[in-house]
Amino acid sequence: MPWGLGKPRSKFGKWLDKQGISQEDLVKRSGVNKSTISRICSGDAFLPSMKSAAKIIKALRDLGKNVDYDDFWSM
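Going by this note's numbering, the letters in the sequence shown line up with residues 59 to 133, in that order.
Be careful, since some hints might not be right.
Below, in silico cross-link-like pairs of lysine-lysine (BS3-like), each with a Cα-Cα straight-line distance of 27 Å or less [said to hold, decoys possible]: (1) Lys123 with Lys86; (2) Lys109 with Lys76; (3) Lys65 with Lys76; (4) Lys113 with Lys76.
No lab work stands behind these hints: they were computed from the structure.
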């Protein structure tokens with residue numbers, strides 16, 4: 059199944075696609091709301107709250123990914 063399905067993707071969304079991590083898996087692992095994950099994957103205009111971002115980064119690190127907030131979102 060192709061990732062992204064032709065929808066616009068944010069830097070974060072493109073990274074997830076490249077890593078083969080689904081938004082659904084990230085929702086389950088991070089505990090962040092599905093609509094929040096969807097919004098941060100579909101465009102660079104939406105920034106997650108620090109609390110959500112911290113949960114997302116922790117979930118990705120638990121998967122063995124060496125990532126930081128600044129890799130995806132600039133303050």
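Comparing the hints with the structure gives:
The straight-line distance between the Cα atoms of Lys123 and Lys86 is roughly 17 Å, inside the 27 Å bound, and the hint therefore holds. Proposed proximity of Lys109 and Lys76 is supported: the alpha carbons are some 25 Å apart, at most 27 Å. Restraint check for Lys65 and Lys76: the C-alpha separation of about 15 Å stays at or below 27 Å, so the hint holds. Between the alpha carbons of Lys113 and Lys76 the distance comes to roughly 20 Å, so the proposed pair stays at or under 27 Å and holds.
When the structure is compared with the earlier hints, no violation turns up for any of them.
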